[in-house]
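*Asks:* Now for the letters of each chain:
Protein chains: 2
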Amino acid sequence: MDIYEYLTAHEDRFVQELKELLRLPSVSAQSEHAADVAHCAEWLKAHLTGLGFAVDIHPTAGHPVVLASRRNRPDKPTVLVYGHYDVQPVDPLELWESGPFEPTIRGEHLYARGATDDKGQLFTHLKAAEAWLATAGELPVNLIILLEGEEEVGSDNLGPFLSEHAEELKADYCVISDTSQFAPGVPGITYGLRGILCFELHLRGARSDLHSGGYGGVAPNPLHAAVELLAGMRDARGVVTIPGFYDDVRPLEAWERRQWAALPFDPLAYREELDVPALAGEEGYTVLERLWARPTLEINGLAGGYAGEGFKTVLPAEAVAKVSMRLVPDQDPRLLAEMFINYVERHLPRGVRCRVSSKHAGKPILVPVDSPGMQAARRAIARGFGTEPVLMREGGSIPIVNTFREVLGLDCLLLGWGQQSDRAHAPNERLALKDFHAGTRSAAALLGALAEVAPQAAND
Amino acid sequence: MDIYEYLTAHEDRFVQELKELLRLPSVSAQSEHAADVAHCAEWLKAHLTGLGFAVDIHPTAGHPVVLASRRNRPDKPTVLVYGHYDVQPVDPLELWESGPFEPTIRGEHLYARGATDDKGQLFTHLKAAEAWLATAGELPVNLIILLEGEEEVGSDNLGPFLSEHAEELKADYCVISDTSQFAPGVPGITYGLRGILCFELHLRGARSDLHSGGYGGVAPNPLHAAVELLAGMRDARGVVTIPGFYDDVRPLEAWERRQWAALPFDPLAYREELDVPALAGEEGYTVLERLWARPTLEINGLAGGYAGEGFKTVLPAEAVAKVSMRLVPDQDPRLLAEMFINYVERHLPRGVRCRVSSKHAGKPILVPVDSPGMQAARRAIARGFGTEPVLMREGGSIPIVNTFREVLGLDCLLLGWGQQSDRAHAPNERLALKDFHAGTRSAAALLGALAEVAPQAAND
Numbered sequence: 001m002d003i004y005e006y007l008t009a010h011e012d013r014f015v016q017e018l019k020e021l022l023r024l025p026s027v028s029a030q031s032e033h034a035a036d037v038a039h040c041a042e043w044l045k046a047h048l049t050g051l052g053f054a055v056d057i058h059p060t061a062g063h064p065v066v067l068a069s070r071r072n073r074p075d076k077p078t079v080l081v082y083g084h085y086d087v088q089p090v091d092p093l094e095l096w097e098s099g100p101f102e103p104t105i106r107g108e109h110l111y112a113r114g115a116t117d118d119k120g121q122l123f124t125h126l127k128a129a130e131a132w133l134a135t136a137g138e139l140p141v142n143l144i145i146l147l148e149g150e151e152e153v154g155s156d157n158l159g160p161f162l163s164e165h166a167e168e169l170k171a172d173y174c175v176i177s178d179t180s181q182f183a184p185g186v187p188g189i190t191y192g193l194r195g196i197l198c199f200e201l202h203l204r205g206a207r208s209d210l211h212s213g214g215y216g217g218v219a220p221n222p223l224h225a226a227v228e229l230l231a232g233m234r235d236a237r238g239v240v241t242i243p244g245f246y247d248d249v250r251p252l253e254a255w256e257r258r259q260w261a262a263l264p265f266d267p268l269a270y271r272e273e274l275d276v277p278a279l280a281g282e283e284g285y286t287v288l289e290r291l292w293a294r295p296t297l298e299i300n301g302l303a304g305g306y307a308g309e310g311f312k313t314v315l316p317a318e319a320v321a322k323v324s325m326r327l328v329p330d331q332d333p334r335l336l337a338e339m340f341i342n343y344v345e346r347h348l349p350r351g352v353r354c355r356v357s358s359k360h361a362g363k364p365i366l367v368p369v370d371s372p373g374m375q376a377a378r379r380a381i382a383r384g385f386g387t388e389p390v391l392m393r394e395g396g397s398i399p400i401v402n403t404f405r406e407v408l409g410l411d412c413l414l415l416g417w418g419q420q421s422d423r424a425h426a427p428n429e430r431l432a433l434k435d436f437h438a439g440t441r442s443a444a445a446l447l448g449a450l451a452e453v454a455p456q457a458a459n460d
Numbered sequence: 001m002d003i004y005e006y007l008t009a010h011e012d013r014f015v016q017e018l019k020e021l022l023r024l025p026s027v028s029a030q031s032e033h034a035a036d037v038a039h040c041a042e043w044l045k046a047h048l049t050g051l052g053f054a055v056d057i058h059p060t061a062g063h064p065v066v067l068a069s070r071r072n073r074p075d076k077p078t079v080l081v082y083g084h085y086d087v088q089p090v091d092p093l094e095l096w097e098s099g100p101f102e103p104t105i106r107g108e109h110l111y112a113r114g115a116t117d118d119k120g121q122l123f124t125h126l127k128a129a130e131a132w133l134a135t136a137g138e139l140p141v142n143l144i145i146l147l148e149g150e151e152e153v154g155s156d157n158l159g160p161f162l163s164e165h166a167e168e169l170k171a172d173y174c175v176i177s178d179t180s181q182f183a184p185g186v187p188g189i190t191y192g193l194r195g196i197l198c199f200e201l202h203l204r205g206a207r208s209d210l211h212s213g214g215y216g217g218v219a220p221n222p223l224h225a226a227v228e229l230l231a232g233m234r235d236a237r238g239v240v241t242i243p244g245f246y247d248d249v250r251p252l253e254a255w256e257r258r259q260w261a262a263l264p265f266d267p268l269a270y271r272e273e274l275d276v277p278a279l280a281g282e283e284g285y286t287v288l289e290r291l292w293a294r295p296t297l298e299i300n301g302l303a304g305g306y307a308g309e310g311f312k313t314v315l316p317a318e319a320v321a322k323v324s325m326r327l328v329p330d331q332d333p334r335l336l337a338e339m340f341i342n343y344v345e346r347h348l349p350r351g352v353r354c355r356v357s358s359k360h361a362g363k364p365i366l367v368p369v370d371s372p373g374m375q376a377a378r379r380a381i382a383r384g385f386g387t388e389p390v391l392m393r394e395g396g397s398i399p400i401v402n403t404f405r406e407v408l409g410l411d412c413l414l415l416g417w418g419q420q421s422d423r424a425h426a427p428n429e430r431l432a433l434k435d436f437h438a439g440t441r442s443a444a445a446l447l448g449a450l451a452e453v454a455p456q457a458a459n460d
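So the protein sequences, as listed, match chains A and B. Sequential numbering of the first sequence, starting at 1, is according to this note's numbering. Sequential numbering of the second sequence, starting at 1, is according to this note's numbering.
Read the hints as simulated data drawn from the structure, not as lab findings. All values reported here derive from a predicted model rather than from experimental measurement. Virtual Cβ for every residue (Gly too), placed ideally from N, Cα, C. Honestly, I wouldn't trust all of these hints.
List time: in silico DSSO-like cross-link candidates among lysine-lysine, alpha-carbon distance up to 27 angstroms [to be verified]:
#, chain 1, residue 1, chain 2, residue 2
1, A, K359, A, K19
2, A, K312, B, K359
3, B, K312, A, K359
4, A, K170, A, K45
5, B, K19, B, K434
6, A, K19, A, K45
Computed beta-carbon distance windows for the label pairs [said to hold, decoys possible]:
#, chain 1, residue 1, chain 2, residue 2, range
7, A, E273, B, G409, 57 to 67 angstroms
8, A, V320, B, Y246, 30 to 40 angstroms
9, A, P89, B, S31, 57 to 67 angstroms
10, A, S163, B, E272, 48 to 58 angstroms
Chain A extracted, bound-state conformation (with noise of 0.2 angstroms):
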């Protein structure tokens, strides 16, 4: 029985298997569900350890991480694959068809929380291990698996544990099934990720707030900065007007435009789907060009004066606003964070003060296409899915991507089995049965894949 015969036999048993994982409600969010994320890391623990692995759980000021390494290999290159096994809370409850923590099947989607993000992803990498140890006797790679339980609610203690075991976690490649298909059908590799660079502004006018009909006219009024300041920001093309904001950004290569004009993307669709009367952004770029290789400058969140039910004629002493831009390779976002704040000090509006601070910030990220690895992730998804991979950038950001080329210098691969409407975060979340054991297929394939490259040419 060769390899994909053994996935094949064994699919049934494999989904029961994910479902007892999927029942543990491993909430990493709500304090209430500490034990079950405890007892989530010890089920792994002991499936690991089924399977031949060496396995620990390590304590972190929040929830373990479960390490589990093979090493038989000294002559073949070294695998991490990582993943999380904590999951987002399920609230609204009473929008779920089947109960959060009872996996169903319905049609050809297990729903569950956790199906799609990360536990229905992490699990076909176990799989994918367990088949080849018991066709092959031996996995064909040194493999590093390493499980985290605090990816929901920032991975704040992931790369202090990187850091410490930096040593024993040295690899050559870095393995993360925790982002999407290009769509149903159309597996992809994401080779790009956009950074990210948040800033809070605390605008003030006068010491109180003050009646509009005694001040207006007078007063100043931070709200008002506040439109003015914010709508200074971009242009009727959806141009972003600071100054320097697009200096370092790296032009769209003419394969990428090519490639992903030819993407099957219907942007009426999309729209429909939005159910707007009209996109936005800026001109002179498709959807994917906007959503995946161009900065943006949003703004999140804005509050000031009364904007609850009825009418409070006032002129409030200060207003909130939330600013984040979206920035691709090869913005910085140290540079990014000067050019904001000196816009906002010059642009202010006359009466009224302004405190801007920059809050967190991550790195775009964008990986060669052409690296071993990523041939290698190539072959085996188009061995898994029957079909050649795309490859696809991201419009979001993933902070634990830059902790591992940051810590460790490892370059992601990021192999996504399941769908953009897979409803991670949201209720009912599912994952496609079938883009499960494809994804399977992929991952044993890519082991395989990995064993006949050089560890040497790993990372250059």
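Using the hints, position chain B against chain A.
*Replies:* Frame of chain A; chain B shown alone:
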């Protein structure tokens, strides 16, 4: 003993009686004080009956109206004095230096909730009547005293009450002491009020909140639409850009500009009091001109996305903005509402939908400054305060003034005895004892001065 000697001789007793009235916590906004409001109406009925008035308490759908009258001068004009005996809530209680309902004299002021707004001011008219009756044996005019218990909650039942009792309330003059002097030592008559027009805008983007990574740069952001739309409504010189906005604004007359420029007003001290680096507003007009005679457009509330502690990288599905205009003669709220709604429709950024509704509206007020009633009021204040009053306007709106105009056809004489700095609606509300006594003398002089004007000349 003449009437002014009488007033001087009884100053201390008047203050004691006012303290009794101020001890009654007639907070109209709070249902737990409903019995206190009713009790206050009873106190006033008893007091007015003791003075020699015919008094009725009229229930309304809300708090009662106290209506007192004494009509023994068929040959003389009828004067309607309006006041309100309800008061604002007292929160935040901890900022009061003495209990809000424990009237306390410190220095030159009497401190209590309602001291200036409006119990202390309305009470001057009761004591003026007392002095006439005690010294002349009769009032010099027919006097109606109308005391409302719902001014602080919007006077919802006043209009219907005036309509139902229009015949009984027929008068030649209407007097309200619920405004302020221009400044300490500078009494004034308010001859103009700005109108008001309020709008609520609901801007809607996608069908739900979106992740700013996954959708930023493509999905319409209703917060950006709001800031663009609102920022465009005023230009850099503080001028409102809505077409037609200034069309019906009556230019200031030469005497107004001259007299206002001569008022003891220090823009620097005003700015320092507000604690702002600069004042705002329309270029080309002085502070008082901007406050009293120029229309405004101000944002009173704005909310969307997440503006609390921390950061949420959300593209909100909706945003709410509250906007109000202060209108000046001869702007018509109905026309201005159309202009605003047209502007929003024409300038709404693409990709968002906007629902705009106009909320309550009040017309601006401007009364002739040379009418017989105004001339009588000037003489009365000069007698009571020992100095000529200035002619002033106010930036705010007083809805009941419109109600008297519309229902009874009466222009009001707005004669305020208190100060802007008396902290109406705020902790440590107060009234200077000398303003109380000067106000009482003025109220007494006013009855005499109005008696000298032929009734037929009163309202034309």
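*Asks:* Which earlier hints turn out false for this structure, listed by number in ascending order?
*Replies:* Structure breaks hints 1, 9.
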